[in-house]
Amino acid sequence: MRFNPRAVMTIFRKDLVDAIRDGRVAIALLLPILIGVSYSYLFNDDFTDETPSYRMVVTPDWPAELNEQFLVASGDAVEVRIDTFATVEDVEERLRDGNADLGLILPPDLVTALSAGQQPAITVVTPATATAGTSYLLGVLDGSLRTVAGQELPAALTVQAAGEPEPSLFDRIGIRNYMLMFSMVFLVGMIAVFAIPIILTEEIEKKTLDALVMIASYTDVMIGKALVGLVYIAVATAITLTLAQASPGDLPLFVLTIAALSASLLGFGLLFGGLFKSANQLNTWGSFILFPIIIPTFLSVVPGIVGDIAAAFPTGAAGRLLADALTGDTIFGNAALYIGIMLVWAVGGFLLLGWQLRRRQA
Amino acid sequence: MSTIAAPPAPNAATGPHRGTPSIQVRDLVKTYGQVHAVNGISFDVYPGEVFGFLGHNGAGKTTTIRMLTGRTHPTGGTGTIGGFDISRQRDRIKPLINLVFEDANLYERFTGLQNLEIFADLYGVPRSRAAELLRTVRLEDAARRKVKTYSSGMKQRLLIARSLINEPKVLFLDEPTRGLDPTSARELRDLIRGLRESGTTVFLTTHYMEEADELCDRVAFLSAGNIVALDTPRQLKLQHGQRTVAVSLRDGSEHVVGLDDADGAARVEGWMRDGQVVTLHSQEGTLEDVFIALAGRAL
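If you're matching them up, the sequences are chains A and B in order.
So the first sequence is numbered by numbering that gives the first Met the number 0: it starts at 0 and just counts up by one.
So the second sequence is numbered by numbering that gives the first Met the number 0: it starts at 0 and just counts up by one.
A hint or two may mislead.
What the simulated footprint calls covered on chain B by chain A, stretch by stretch (three residues with Cβ under 8 Å from a Cβ of chain A suffice, anywhere in the stretch; the number is not a length) [unchecked claim]:
hint: 1; region: 84-98
hint: 2; region: 223-236
As a list, the in silico BS3-like pairs of lysine-lysine whose alpha-carbon atoms are at most 25 Å apart [as the list claims (entries may be wrong)]:
hint: 3; chain 1: A; residue 1: 276; chain 2: A; residue 2: 206
hint: 4; chain 1: A; residue 1: 206; chain 2: B; residue 2: 147
hint: 5; chain 1: A; residue 1: 206; chain 2: B; residue 2: 168
hint: 6; chain 1: A; residue 1: 276; chain 2: B; residue 2: 168
Simulated restraints, written as ranges between beta carbons of each label pair [to be verified]:
hint: 7; chain 1: A; residue 1: 359; chain 2: B; residue 2: 18; range: 31 to 37 Å
hint: 8; chain 1: A; residue 1: 291; chain 2: B; residue 2: 87; range: 38 to 44 Å
hint: 9; chain 1: A; residue 1: 43; chain 2: B; residue 2: 140; range: 23 to 29 Å
hint: 10; chain 1: A; residue 1: 335; chain 2: B; residue 2: 166; range: 52 to 58 Å
No wet-lab data here; the hints were simulated from the structure.
Positions of the beta carbon are idealized from the N, C-alpha and C atoms, including for glycine.
Kindly produce the complete structure, drawing on both the sequences and the hints.
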């Protein structure tokens, strides 16, 4: 398995320039970048921490005593915004436009009337379709009015949580990181088992490989193409992270994971490329091969035996490591184990490739 | 000298060449499962010799070239190029040889110049050699055009330029004039003669018998993995071709008569005695006739 650095670098330079001119390869490079960037914007974790926010509009005034009781009764679970307007029309307009959950038209001297037990008339205006906020605000309003009127509540409620909530693995990773993790594995998969094999298959199909091995060895050819794959993966990863404005929490682990995953898939990709007689044939069947490659990534975050089995595959192991690397948190840990799994697959892939090359020359 | 139907002994060089052979093959065998692609062939090719290797499709020509150029391992036998073993010293052989492939296996998205520069880099020769060779094959005006825009004749000329990038001591040409127009084919034949004069050993496969007859110092006929004849074209024709004479008589009739046939010779003698002969032309057998006689059918 001797190799000639001059031949390797010549083949590397040739493929680096030539491959990108092939429409199939260009698409294989661009598609994962587009998916990575669009997923990172489409799937956002911000909504998971959002506190519900309701708006109540009032005319003409919102008494301070009632406001005090209202805020106590609403608690911290929701954010309540109360705005006052000069006219009834203003209030009705906000509700018609869907800009408020509840409207109140209050009589003058409301607090005095309540304290005197006079049952003052309050007009409640709701949106055409009541919202969750409408019901909630009405409930809070009822309790607040009773308190201001001096009525005793039937019971004093104390609310306490049974414990701190235990976030799921998925919650800890977050949807954005999960989709970014998938995008990264997809990117490496597309380049390693689709784009680079197309370059090799085209050399076999056009018989340019025969011309190359008149002076270079098959090993030189494979190393040259694997290097092209590594460069494409590095560039595509950097572009995706930049456009997605994503910053891995643990950058060294992220880089190590991408490198190990690339090594583990490129050997199999080149092996795979050698099985096809034409690039079009590979183009047709390549998508089917990508499925089993990507699936372990999705399953790797599933707790229990399913996730553990998935993590025994390079893309599953990479999934767990990328989850840790992107969040900067030790969700799965065992980095050495997962790197080891990918390296074992890398060695296996390149050994099989070597066997295929020996057969080609036999 | 006689035509040999069996592999020659190492010292049975059948041409005018002597000295250390550029290519030496002994009992070379290649099998694929039960199929014997090459069945124990032996021959020598000498420096500056143009050696023709002729046979039907599937006769074992390409397999032999693949073994000699280090792209596949022989199943048995030995071979050397420039004194280096084709199985164990491939890395020593590679810089000494090159091959014009039957297919136009060029990088079509690169220009003609870039195609040659890639191989200049691979062989470690200066890139200036690329431009020089493009001039040699008259492609300098198309040097910066992408190869996909080339005609098949231009591609063939570029293939030849590529094969000369490392100034090979032994050049293999696999059907080099296939698809070339008559002018380009003649230019290529002139180029091959020039290579021979410069001492390059040329190993040529072709389907064109006239071409082999014109260019080759010796030819080997390959049939079903065996060499069935190996000699100079002239010796092969003398040995296996039918000698004939074309006779025109005073009565206007024309006759082709075999001289190796006793009855025919007597007929010619009779016409001459009676003063009926107007013209008489001796004719040699063609290489194609020899091939058909030995291999059973034409190429």
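Results of checking the hints against the structure:
no.	hint	verdict
1	84-98	holds (count 6)
2	223-236	violated (count 0)
3	276/A to 206/A	holds, 10 Å
4	206/A to 147/B	holds, 15 Å
5	206/A to 168/B	holds, 23 Å
6	276/A to 168/B	violated, 33 Å
7	359/A to 18/B: 31 to 37 Å	holds, 36 Å
8	291/A to 87/B: 38 to 44 Å	holds, 41 Å
9	43/A to 140/B: 23 to 29 Å	violated, 59 Å
10	335/A to 166/B: 52 to 58 Å	holds, 53 Å
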